[in-house]
Amino acid sequence: MVPPTPFPEIARRVTEELGPLEEVFSSFEQIPVASASLGQVHRACLRDGDCIVVKVQYPGIEEVIAADIRTLRFVIRILRLLYPRVNLDVIYSEFSRIVGEELDYLQEGKNAETFARNFAGNPKIKIPIVYWPFTTSKVLTLEYLEGIKITDFDAIDEQGIDRKELARVLAEAYAQMFFLDGLFHGDPHPGNIFVCPGPEIILVDFGMVDRISSPQRESLRRAFGAVVDRDSLGLVRALVDMGFIPLTRDIRPAVQLVERLLQKYRDLSPREIKAMDIEEIGNDIMASLQIGPAIQIPNEFILFGRSVGMLNGLSSRLDPDTNIIEVAAPFARRFIGGEAEGLAGIAVQARSAGRSIIRLPKLLSEFLVTTGRGETRVEITSKDVADELRKISRVGKGLILALLGAGCGLAAVLLRINGFPEESLWAGVASGVLLLWLALLLRRT
Numbered sequence: 092m093v094p095p096t097p098f099p100e101i102a103r104r105v106t107e108e109l110g111p112l113e114e115v116f117s118s119f120e121q122i123p124v125a126s127a128s129l130g131q132v133h134r135a136c137l138r139d140g141d142c143i144v145v146k147v148q149y150p151g152i153e154e155v156i157a158a159d160i161r162t163l164r165f166v167i168r169i170l171r172l173l174y175p176r177v178n179l180d181v182i183y184s185e186f187s188r189i190v191g192e193e194l195d196y197l198q199e200g201k202n203a204e205t206f207a208r209n210f211a212g213n214p215k216i217k218i219p220i221v222y223w224p225f226t227t228s229k230v231l232t233l234e235y236l237e238g239i240k241i242t243d244f245d246a247i248d249e250q251g252i253d254r255k256e257l258a259r260v261l262a263e264a265y266a267q268m269f270f271l272d273g274l275f276h277g278d279p280h281p282g283n284i285f286v287c288p289g290p291e292i293i294l295v296d297f298g299m300v301d302r303i304s305s306p307q308r309e310s311l312r313r314a315f316g317a318v319v320d321r322d323s324l325g326l327v328r329a330l331v332d333m334g335f336i337p338l339t340r341d342i343r344p345a346v347q348l349v350e351r352l353l354q355k356y357r358d359l360s361p362r363e364i365k366a367m368d369i370e371e372i373g374n375d376i377m378a379s380l381q382i383g384p385a386i387q388i389p390n391e392f393i394l395f396g397r398s399v400g401m402l403n404g405l406s407s408r409l410d411p412d413t414n415i416i417e418v419a420a421p422f423a424r425r426f427i428g429g430e431a432e433g434l435a436g437i438a439v440q441a442r443s444a445g446r447s448i449i450r451l452p453k454l455l456s457e458f459l460v461t462t463g464r465g466e467t468r469v470e471i472t473s474k475d476v477a478d479e480l481r482k483i484s485r486v487g488k489g490l491i492l493a494l495l496g497a498g499c500g501l502a503a504v505l506l507r508i509n510g511f512p513e514e515s516l517w518a519g520v521a522s523g524v525l526l527l528w529l530a531l532l533l534r535r536t
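Residue numbers (my numbering): 92 to 536.
No lab work stands behind these hints, which were simulated from the structure alone.
Treat the hints with caution; some may be incorrect.
[Stated by the list, open to error] Here are the simulated SDA-like pairs of lysine to any residue, each with C-alpha atoms no more than 20 Å apart in a straight line:
#1 Lys240 x Ile293
#2 Lys255 x Cys287
#3 Lys255 x Ile152
#4 Lys240 x Leu271
#5 Lys215 x Gly238
#6 Lys240 x Pro421
[As the list claims (entries may be wrong)] Distance ranges between label pairs, derived from CB positions:
#7 Asp272 x Glu417: 16 to 26 Å
#8 Ser184 x Gln354: 43 to 53 Å
#9 Val319 x Asn213: 37 to 47 Å
#10 Glu153 x Ala102: 15 to 25 Å
#11 Arg425 x Ser304: 11 to 21 Å
#12 Ile220 x Glu107: 37 to 47 Å
#13 Pro97 x Gly289: 31 to 41 Å
#14 Glu100 x Gly191: 33 to 43 Å
#15 Thr205 x Pro281: 15 to 25 Å
#16 Pro411 x Gln121: 35 to 45 Å
#17 Asn213 x Lys255: 15 to 25 Å
#18 Phe165 x Gly396: 19 to 29 Å
#19 Pro288 x Gln347: 30 to 40 Å
Just so you know, even glycine gets a beta-carbon here, dropped at the ideal spot from N, CA and C.
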């Protein structure tokens, strides 16, 4: 937990936004129940007796975030020189967007209400009610829900809550977000998830959420369908449409890579799937991409990947035998239309046929271009190799300095955001010294 801001500053912020504390609340606890990078949470009671929690944004946090974003932009520029094949700009733009949305508590309140509507039919998921008369862009007032932190395993066991069932409920909730709702909670760390007997899960903190757009969902649906049909080319085209693979004249290297991955994972039995770790699959795919075609992560999927990784780790801690891929499979089948029946099934097939007809002229044109171009030949001469080795040698002299400098720069940003200004300052100074050293080295070479 980030060190809390002194209560007088918090009280001043609440007074500026809502009015004097004694006029709005019958009680207001001075010690926060939680504190994070942008604000802290206090328990309180309204004049009508309702027990609530008040999330208060730190005074002056906007200026701090603006400075951190400028620092991140500088670090990204350095990293872009080292990794030109990777689209690092999306990291900067996505970070800026997410932080900007997190600073608006009115938007967070709207997000909470959207999630409450999405899970209205699921009694196992609870979302706190927003008290709009006591909510502004800087202060968010929510219903207080009593729960156990999801990683407090001793308390969970004492309450007799089945951890295996709890892991399943959590995985199903996120599968619904990802595959059916298209809007997902982007920060599933233990401080944002609580449990109570049932088991029931309480989700809080809806500042970091993301939505998968309709075009991206349609491309994602085609990607899943291509996996089911063992259609490597179709999967690559879907990945191109989603922005994972840059649109180039020759997509055959990407098709070959996808074909290899499909052959490895497509025919796994349910028993084998259950035995696999999603982190293991991710590491294998990333290792393949190191030798395959250049890829980039679209903005809409950066937070998605982070959420899946955090969810997998949390589920494994709750119950090592729970496999989130297996739990999510029914939701994925519904997503691609595998369970559609009657008119719904006809609509799915009609949309699929319509997409194929629309894409036919484009596919035919690409086929004619590829056929006319013939097989691609690549020739490498000894001179080419020598030149490349000399380039690698020059870059290698500054690589360690660049990585250390960029790493210190990123550390400075993260330390500042998480409430460690002194450590952030030292990391920033170290980054500046290392990058200056790198600049002098490059100037000499």
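Quick rundown of the hints versus the structure:
no. : hint                        : in the structure
1   : Lys240 x Ile293             : holds (9 Å)
2   : Lys255 x Cys287             : holds (14 Å)
3   : Lys255 x Ile152             : violated (40 Å)
4   : Lys240 x Leu271             : violated (27 Å)
5   : Lys215 x Gly238             : holds (13 Å)
6   : Lys240 x Pro421             : violated (28 Å)
7   : Asp272 x Glu417: 16 to 26 Å : holds (20 Å)
8   : Ser184 x Gln354: 43 to 53 Å : violated (35 Å)
9   : Val319 x Asn213: 37 to 47 Å : violated (27 Å)
10  : Glu153 x Ala102: 15 to 25 Å : holds (19 Å)
11  : Arg425 x Ser304: 11 to 21 Å : holds (19 Å)
12  : Ile220 x Glu107: 37 to 47 Å : violated (24 Å)
13  : Pro97 x Gly289: 31 to 41 Å  : holds (38 Å)
14  : Glu100 x Gly191: 33 to 43 Å : violated (23 Å)
15  : Thr205 x Pro281: 15 to 25 Å : holds (23 Å)
16  : Pro411 x Gln121: 35 to 45 Å : holds (41 Å)
17  : Asn213 x Lys255: 15 to 25 Å : holds (19 Å)
18  : Phe165 x Gly396: 19 to 29 Å : holds (25 Å)
19  : Pro288 x Gln347: 30 to 40 Å : violated (52 Å)
In terms of the numbered hints stated before, the structure departs from hints 3, 4, 6, 8, 9, 12, 14, 19, listed from lowest to highest.
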